[in-house]
Amino acid sequence: MTSRGGRRLARAARAERVDRGLGIREEVEFFGAPERLFGCRHLPMDGPAAGAPLAVVICPPVLADFGANYQREVRLARRLAAAGLPVQRFHPRGTGHSDGDRADLSFAALVDDCRAAVERLRETCGPAAVALVGSRLSALAAAVADGEGGSPLVMWDPVPSLRSYLRGGLRARAVHRVGKVGAAPEGPDDQRARTGYVDVLGIPVGPALLDAGDVPVLGEAVAGGPRPLLLVQFAPGELTPPYAAAAAAWRERAIDVTAAVCPCDESWWFIPDRRAPADAVLDTTAAWLAARAGMTAA
Amino acid sequence: MSTAPDVRPAPGPPATAADEFPAYVRAPTGDLLAVVTEATGEPLGLAAVLLRGAGWRPSSGPRRTQVTLARRLAGHGLDAVRFSYHGLAESGGAGEEVVRLDRPYTADAGAVVDWVADQGCRAVLIGNCFGARTALAYAAGPAAGDRVAGLALVVPPVFDYEVARRLDRRPLGHFARRARLGRLWAVLRDPARRRALRRTLRAFASVAGGKLRPGRGPAPASTGGAAPEWLSPRFVAHLRAVVDRRIPVLFVYGRDDPYGADFERARATALGPLLAEAGGLVEVTVVPGRVHGLTSVETQEAMIAAVEAWAASTFGRRA
Numbered sequence: 001m002t003s004r005g006g007r008r009l010a011r012a013a014r015a016e017r018v019d020r021g022l023g024i025r026e027e028v029e030f031f032g033a034p035e036r037l038f039g040c041r042h043l044p045m046d047g048p049a050a051g052a053p054l055a056v057v058i059c060p061p062v063l064a065d066f067g068a069n070y071q072r073e074v075r076l077a078r079r080l081a082a083a084g085l086p087v088q089r090f091h092p093r094g095t096g097h098s099d100g101d102r103a104d105l106s107f108a109a110l111v112d113d114c115r116a117a118v119e120r121l122r123e124t125c126g127p128a129a130v131a132l133v134g135s136r137l138s139a140l141a142a143a144v145a146d147g148e149g150g151s152p153l154v155m156w157d158p159v160p161s162l163r164s165y166l167r168g169g170l171r172a173r174a175v176h177r178v179g180k181v182g183a184a185p186e187g188p189d190d191q192r193a194r195t196g197y198v199d200v201l202g203i204p205v206g207p208a209l210l211d212a213g214d215v216p217v218l219g220e221a222v223a224g225g226p227r228p229l230l231l232v233q234f235a236p237g238e239l240t241p242p243y244a245a246a247a248a249a250w251r252e253r254a255i256d257v258t259a260a261v262c263p264c265d266e267s268w269w270f271i272p273d274r275r276a277p278a279d280a281v282l283d284t285t286a287a288w289l290a291a292r293a294g295m296t297a298a
Numbered sequence: 001m002s003t004a005p006d007v008r009p010a011p012g013p014p015a016t017a018a019d020e021f022p023a024y025v026r027a028p029t030g031d032l033l034a035v036v037t038e039a040t041g042e043p044l045g046l047a048a049v050l051l052r053g054a055g056w057r058p059s060s061g062p063r064r065t066q067v068t069l070a071r072r073l074a075g076h077g078l079d080a081v082r083f084s085y086h087g088l089a090e091s092g093g094a095g096e097e098v099v100r101l102d103r104p105y106t107a108d109a110g111a112v113v114d115w116v117a118d119q120g121c122r123a124v125l126i127g128n129c130f131g132a133r134t135a136l137a138y139a140a141g142p143a144a145g146d147r148v149a150g151l152a153l154v155v156p157p158v159f160d161y162e163v164a165r166r167l168d169r170r171p172l173g174h175f176a177r178r179a180r181l182g183r184l185w186a187v188l189r190d191p192a193r194r195r196a197l198r199r200t201l202r203a204f205a206s207v208a209g210g211k212l213r214p215g216r217g218p219a220p221a222s223t224g225g226a227a228p229e230w231l232s233p234r235f236v237a238h239l240r241a242v243v244d245r246r247i248p249v250l251f252v253y254g255r256d257d258p259y260g261a262d263f264e265r266a267r268a269t270a271l272g273p274l275l276a277e278a279g280g281l282v283e284v285t286v287v288p289g290r291v292h293g294l295t296s297v298e299t300q301e302a303m304i305a306a307v308e309a310w311a312a313s314t315f316g317r318r319a
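For the record, the sequence lines run as chains A and B. Just so we're aligned, residue 1 is where the first sequence starts under our numbering, counting upward by one. Just so we're aligned, residue 1 is where the second sequence starts under our numbering, counting upward by one.
Hints listed in this document are in silico derivations from the structure and should not be mistaken for laboratory results. No false leads were mixed into what you were given.
Derived list of chain B stretches under chain A, where covered just means 3 residues or more per stretch with a C-beta under 8 Å from a C-beta of chain A:
#	stretch
1	19 to 26
2	286 to 296
Restraint-style ranges between C-beta atoms, simulated for each label pair:
#	chain 1	residue 1	chain 2	residue 2	range
3	B	L188	A	G237	25 to 33 Å
4	A	R11	B	L184	53 to 61 Å
5	A	R11	B	D114	13 to 21 Å
6	B	A261	A	R122	51 to 59 Å
Where a beta carbon is used, it is the ideal one built from N, C-alpha and C, also for glycine.
I would like the entire structure built from these sequences, with the hints used as guidance.
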């Protein structure tokens, strides 16, 4: 920051906050190159961050889901750190404070960013194992990012496929435009031809995501082999058919699946100005991850 | 009133994350996480302080517009600080379940402006919705002193109680249909809903009082007829204070914003004389679409261009 006299402050590489009430400290920074990612590490205040039995990377969802899920992820991170687990959160490229154009968001970049966050956590904390928590589209990205690593994986309300996710976005776009007065609203194809992107509720979705052909569906995104997986459904009732099918496919491949239904009143594409209730999601996730680390959840 | 802002070319390139760093700002409400963007153009000694609206999302939004705006203003020589309110995102402190326009977060704004002043800069406050009301309230208050160089107010509501504004728009039948015994019982059992009911009843009494006794509304107009009952006396008083301090102000509304229609109605009555007195100090820009919520990319671009053009013409170096 520069005053009119030209004085420039020495900038700290990262900002730190200590929360004595929760018994945690938080480190915020930009990391990675050439495009930089915004990241926040939540650490136990007294416990040794290095050599923790398990650390967690939270892979945030994108587009409208990013803001909808944000406070839930912060709360989970703080809770896990208070229980002794280091946690890395980050903003994917084209999202939040990170570099990158919104319209350039792609699944491949999302996977790369998940891996960069895991790497950053390993550099700073050196944990024995890293669990991944991904929501919606980023649940698929987290699964792909780990590949055959066999890490514990938590999927919050994952999308069954990129296609179904984009269909939901286009439906929300259409509903949003129903009430508009004046000229007929522009269709997605016309808009894409004119601008190069489709405007989904104020977020430009570009060809890198719209035309991505290499995104696995939910049941195939997780590599086989012995790994623990927690699937959390936000909608009430029984597991939805896509989730039930995915869980069955995973079990056939020796994946140790725990499925939990934690009704959450989350509408995803349409974000009301309220904090979606999340206690059941957080309780379930924190307890499951703590058990993977051989600890007791706070 | 202008509708098509022309942005003077920025002397420097837009910033990137390489020009940014995080910092915690100590506030009475908690430690607030700020992301600071350094000017890429020749520094003006000004820092844009970006205040977002209410909600549970981080300071990059709404719809990442605060990131885009901060990075573009850097090219015009303004540093920028976007921050999360207490209890939100990476900030510390405890947040409130209900954010109220009559209780803006001036302590948060003041802490960030103080931090900016410590770096040797004056602040240009740029607020959206609740953030605009917070910016205005802070700039009008005694703590601001001469630390505020300008105010860009993006879709500020001109009422204090959303419920009062709704009461004025909806027929009584709407409320009669909602007044079921089961619903009443559910409201009475929940402390938060009980408090909300008390606010509703107070707002209803205020609106009803205004209808029964026209002219008792806030800030009686010297010209242009009676002020609407829902017009916030705080809003009018705060705007009066910043005009008296000769702080340049920009209002931005969207053509489809109900808040913009409210502003125009207030302008036709109680606000008219004040805005006329302010002359060129206060600019009003109306852009296509709906700025509240920013659910269209083109409206986001128009809003950002409006603020950028105003900042460049108001504070930029003259050739």
